[in-house]
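S.K.: Listed in order, the protein sequences are those of chains P and G.
First residue of the first sequence: 13, per this note's numbering; consecutive thereafter.
First residue of the second sequence: 15, per this note's numbering; consecutive thereafter.
No incorrect hints appear here.
Straight-line Cα separation of at most 25 Å, BS3-like style, residue types lysine-lysine; simulated pairs:
| id | chain 1 | residue 1 | chain 2 | residue 2 |
| --- | --- | --- | --- | --- |
| 1 | P | 31 | G | 433 |
| 2 | P | 132 | G | 276 |
| 3 | G | 24 | G | 34 |
| 4 | P | 53 | G | 433 |
| 5 | G | 151 | P | 121 |
| 6 | G | 434 | P | 121 |
| 7 | G | 151 | P | 53 |
| 8 | P | 14 | G | 434 |
| 9 | G | 275 | P | 132 |
| 10 | P | 121 | G | 443 |
| 11 | G | 434 | P | 53 |
| 12 | G | 280 | P | 132 |
| 13 | P | 121 | G | 206 |
| 14 | G | 387 | G | 362 |
Listing some non-contacts, in silico: residues in chain P with all C-beta distances to chain G over 10 Å:
| id | residue |
| --- | --- |
| 15 | 67 |
| 16 | 100 |
| 17 | 106 |
| 18 | 108 |
| 19 | 135 |
Interface residues of chain P toward chain G, partial, derived using beta-carbon atoms under 10 Å:
| id | residue |
| --- | --- |
| 20 | 21 |
| 21 | 24 |
| 22 | 126 |
Read the hints as simulated data drawn from the structure, not as lab findings.
Glycine included, every Cβ here is placed at the ideal spot set by N, Cα and C.
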Amino acid sequence: MKTQTGFQEIEHTADWEIKVWAPDLISLLASAAQGMYQLSKTVLAESPRVVRDFEICFDDQESLLVDFLSELLFLGEQQGVAFDNYLFEFQDKVIKVRVWGAPIDHQAKEIKAVTYHGMKILEKEENLEVNIVFDV
Amino acid sequence: MMVTISDLKKISDYEWEIPKGFRSDMRVPVRIFVTRDLLEQAMRDKSLEQAVNAATLPGLVGHVTVMPDMHQGYGFPIGGVAATRYPDGVISPGAIGYDINCGVRLLGSQIEAETAKPYMENLVSALNRYCPSGVGKGGALRLSEKELDVLCQEGSLWAKKKGYATEMDLRRTEEMGTLQGADPSAVSPRAKQRGRPQLGTLGAGNHFIEVDLVEEIYDKQAADVMGLTEGHLALQIHCGSRGFGHQICSDYVRRFQGAVKKYNIKLPDRELVCAPMNSPEGQDYLAAMRCAANYAFANRQLLAHWARQAFEEVLAGKVDHFYLHQIYDIAHNMGKIEEHSVEGQKMKVCVHRKGATRAFGPGYEELPAEYRKIGQPVLVPGSMGTASWVLVGTQGSMQQSFGSTCHGAGRTMSRSMAKKQIWGEDLRKELEKEGIHIRAGSMAGLAEEAPAAYKDVDAVVDTVTGAGIAKKVVRLVPLAVVKG
Numbered sequence: 013m014k015t016q017t018g019f020q021e022i023e024h025t026a027d028w029e030i031k032v033w034a035p036d037l038i039s040l041l042a043s044a045a046q047g048m049y050q051l052s053k054t055v056l057a058e059s060p061r062v063v064r065d066f067e068i069c070f071d072d073q074e075s076l077l078v079d080f081l082s083e084l085l086f087l088g089e090q091q092g093v094a095f096d097n098y099l100f101e102f103q104d105k106v107i108k109v110r111v112w113g114a115p116i117d118h119q120a121k122e123i124k125a126v127t128y129h130g131m132k133i134l135e136k137e138e139n140l141e142v143n144i145v146f147d148v
Numbered sequence: 015m016m017v018t019i020s021d022l023k024k025i026s027d028y029e030w031e032i033p034k035g036f037r038s039d040m041r042v043p044v045r046i047f048v049t050r051d052l053l054e055q056a057m058r059d060k061s062l063e064q065a066v067n068a069a070t071l072p073g074l075v076g077h078v079t080v081m082p083d084m085h086q087g088y089g090f091p092i093g094g095v096a097a098t099r100y101p102d103g104v105i106s107p108g109a110i111g112y113d114i115n116c117g118v119r120l121l122g123s124q125i126e127a128e129t130a131k132p133y134m135e136n137l138v139s140a141l142n143r144y145c146p147s148g149v150g151k152g153g154a155l156r157l158s159e160k161e162l163d164v165l166c167q168e169g170s171l172w173a174k175k176k177g178y179a180t181e182m183d184l185r186r187t188e189e190m191g192t193l194q195g196a197d198p199s200a201v202s203p204r205a206k207q208r209g210r211p212q213l214g215t216l217g218a219g220n221h222f223i224e225v226d227l228v229e230e231i232y233d234k235q236a237a238d239v240m241g242l243t244e245g246h247l248a249l250q251i252h253c254g255s256r257g258f259g260h261q262i263c264s265d266y267v268r269r270f271q272g273a274v275k276k277y278n279i280k281l282p283d284r285e286l287v288c289a290p291m292n293s294p295e296g297q298d299y300l301a302a303m304r305c306a307a308n309y310a311f312a313n314r315q316l317l318a319h320w321a322r323q324a325f326e327e328v329l330a331g332k333v334d335h336f337y338l339h340q341i342y343d344i345a346h347n348m349g350k351i352e353e354h355s356v357e358g359q360k361m362k363v364c365v366h367r368k369g370a371t372r373a374f375g376p377g378y379e380e381l382p383a384e385y386r387k388i389g390q391p392v393l394v395p396g397s398m399g400t401a402s403w404v405l406v407g408t409q410g411s412m413q414q415s416f417g418s419t420c421h422g423a424g425r426t427m428s429r430s431m432a433k434k435q436i437w438g439e440d441l442r443k444e445l446e447k448e449g450i451h452i453r454a455g456s457m458a459g460l461a462e463e464a465p466a467a468y469k470d471v472d473a474v475v476d477t478v479t480g481a482g483i484a485k486k487v488v489r490l491v492p493l494a495v496v497k498g
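Working from the sequences, and respecting the hints, build out all of it.
M.R.: Below is the structure:
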C-alpha cells in the first residue's frame, strides 16, 4: 500500500525520474530531497552535524521545488554536505530554508541538474504528487 | 498525445516524417532519420513526443530533425536538431542541454597497437592518474576569477597560451576551440564558483577516455588526410563543461520561465523555455552559453595534454613515436549561428544540436584547410566495449539536416534496468576477457553504461550513411577505457 509520503523511481531511458507524493507542499519538498539523495546513493557521515540557511524567491510551486533541490545539489558539490531535516518559513515571496545534515561520507552518482521537464505538482486523492526528471 | 507508427509518413528506408498537422501547435514537421527497426526501438520511450514538443518553438524553419541514436531526454529529445530564424527566432537552453558543449576529441598516433599491447595495463593506469575523473573530483588547476573570465572568452586559445595546446590542436577543433561572443558578465557567480575547481576533469556518467585500435578503413583518402592508419592506436576523450555549464543552463532555464511570460510564448513543456535571440534574455544566454562552450573546449584540451603525458610516461623508449596528434574536436550539445539553405533560400539560423553533431560537407570555410576536400570529421563514440566511428559530413547533411548527423549509439535501456540486469564487476571481467582494460569510478556506474543498455552503433552509422548525411571513414574498437 502506498504510504502517505514517499517516492519511487520511474523508468527513464537516459536520465533519472522519480515520482514523489506527500500530503502538503513542505513534506513534498522534503520527500523529493530524500528521493534525490537516494538516487545518487548519498550516504551521510555520522558526525559532525551541520546546519545551513538559505532563501528562495517564490514564483510558483514547481520553481520552488527546482530551486530547493538545486540548492541542495550545489551545497553537496561545493561543501560536500547533504541533509536529512528541513524547515521552511514562508514570508510572502521569500522562503527561508534551514537544513540540517552532515558531511557526505559516500556518493555513487553525480546529478547534473534538476529539470522542469513535464513537472506539474498535482493534487491526487488528498495528496500532492509530482514527477521530477534529473539530468545525470 | 502519443505518436504511433501510423502517424508517421515513410519518406525512404532511412527517413520518416511526423507531418506538421499531427498536432495543432506544431510549427514545422519532424523529420526522423531512422530505419524501421531503430524506429520501433525509439517508440518504446518518449523521444518522438519530445520531438513534437520541440516543433512548437517560435521561429523554427525547415523541420525538426531527429537522428537514429535518439532517446528520451528532458524537454528536447537527445539526437534532436532544430533551427530557428536569426535574429528574431528563439534560443532554448533546454534544447542545448545542461552539459553545454559536451563533445568528443579524437587523437591519432603512429603507435602500432601490437607493439603497445603489453603496456596497455600501465597505460590505462597512467591515464587514470593523469586525468581526474569520477563524482566530485576536482582538477589539478585552480583558476583565479580573472583567469576564468579570460578562459571563458578564449577557450582553447587560453590553453595554447598556457602551453597546453599546439597550433594544430586549435586548427583541428570546431571553431578553433574559441566561440566568439562569449561574455563572462552574463555568467552567474555561482557558475564561476563551480567552474573554477573543475577545469581539467572528466566528470562522471557517460564520460570517458578510451584507447582505441584503428580496426578498419572505409575511406583511405580521408583517413590519410586525418592521419589515421589501420592497426595504430587512437584516443577518444568524451566530456563537457562540467558544473560550469550545468549551472549556466540551470540559471537560464530558471530565468526564461519569466521570459516566456514576458514574450507571450506558449509551450507544451516548461523545460523548453526560450527567448527571442534578439531580446536581452536571449543575448545574455548566447553570451553565457559561449563561455561554457569555450570552457569545454579548454577542458578537453587539458585532458588531451595530460593524456599525451601519460602516453609519454608509459611508451617512451618502447615505441618509436608516442605522440598523439589531433584529428578533430567536435561538440554535440550546442547552439550555433550558421548559414543554411532553407527551401532554396540562404538564411542565418541558430542550429540547436542536442546529442547531435555538426557535420559540414566538403568545401566549407569553417573547416581547416586540410579537411575542406574531405568534409568535416564527425566522431561517433559507441557504447563502452563496442566500436566507435569516424565519419565525414556530406552535401547531403547540408541539404537535409542543417549540417548535422548522429552523435553516438544512443541509450535504449534505462539506468535502473541496466543495474538490475548487469553487475558492474561481472561486466568489467567480461570486458577484460575480451582484452579491454577498464578503470571505473564506480561499479554501479559501469553497469549503467553497459553495451546492452545502448543501441547498436553500427546500425546507427549505417542509417546516417544510408540516408546520405555522413560518410564512413574509419571504424575503431576499444582496447582500454577510463570511465568517470
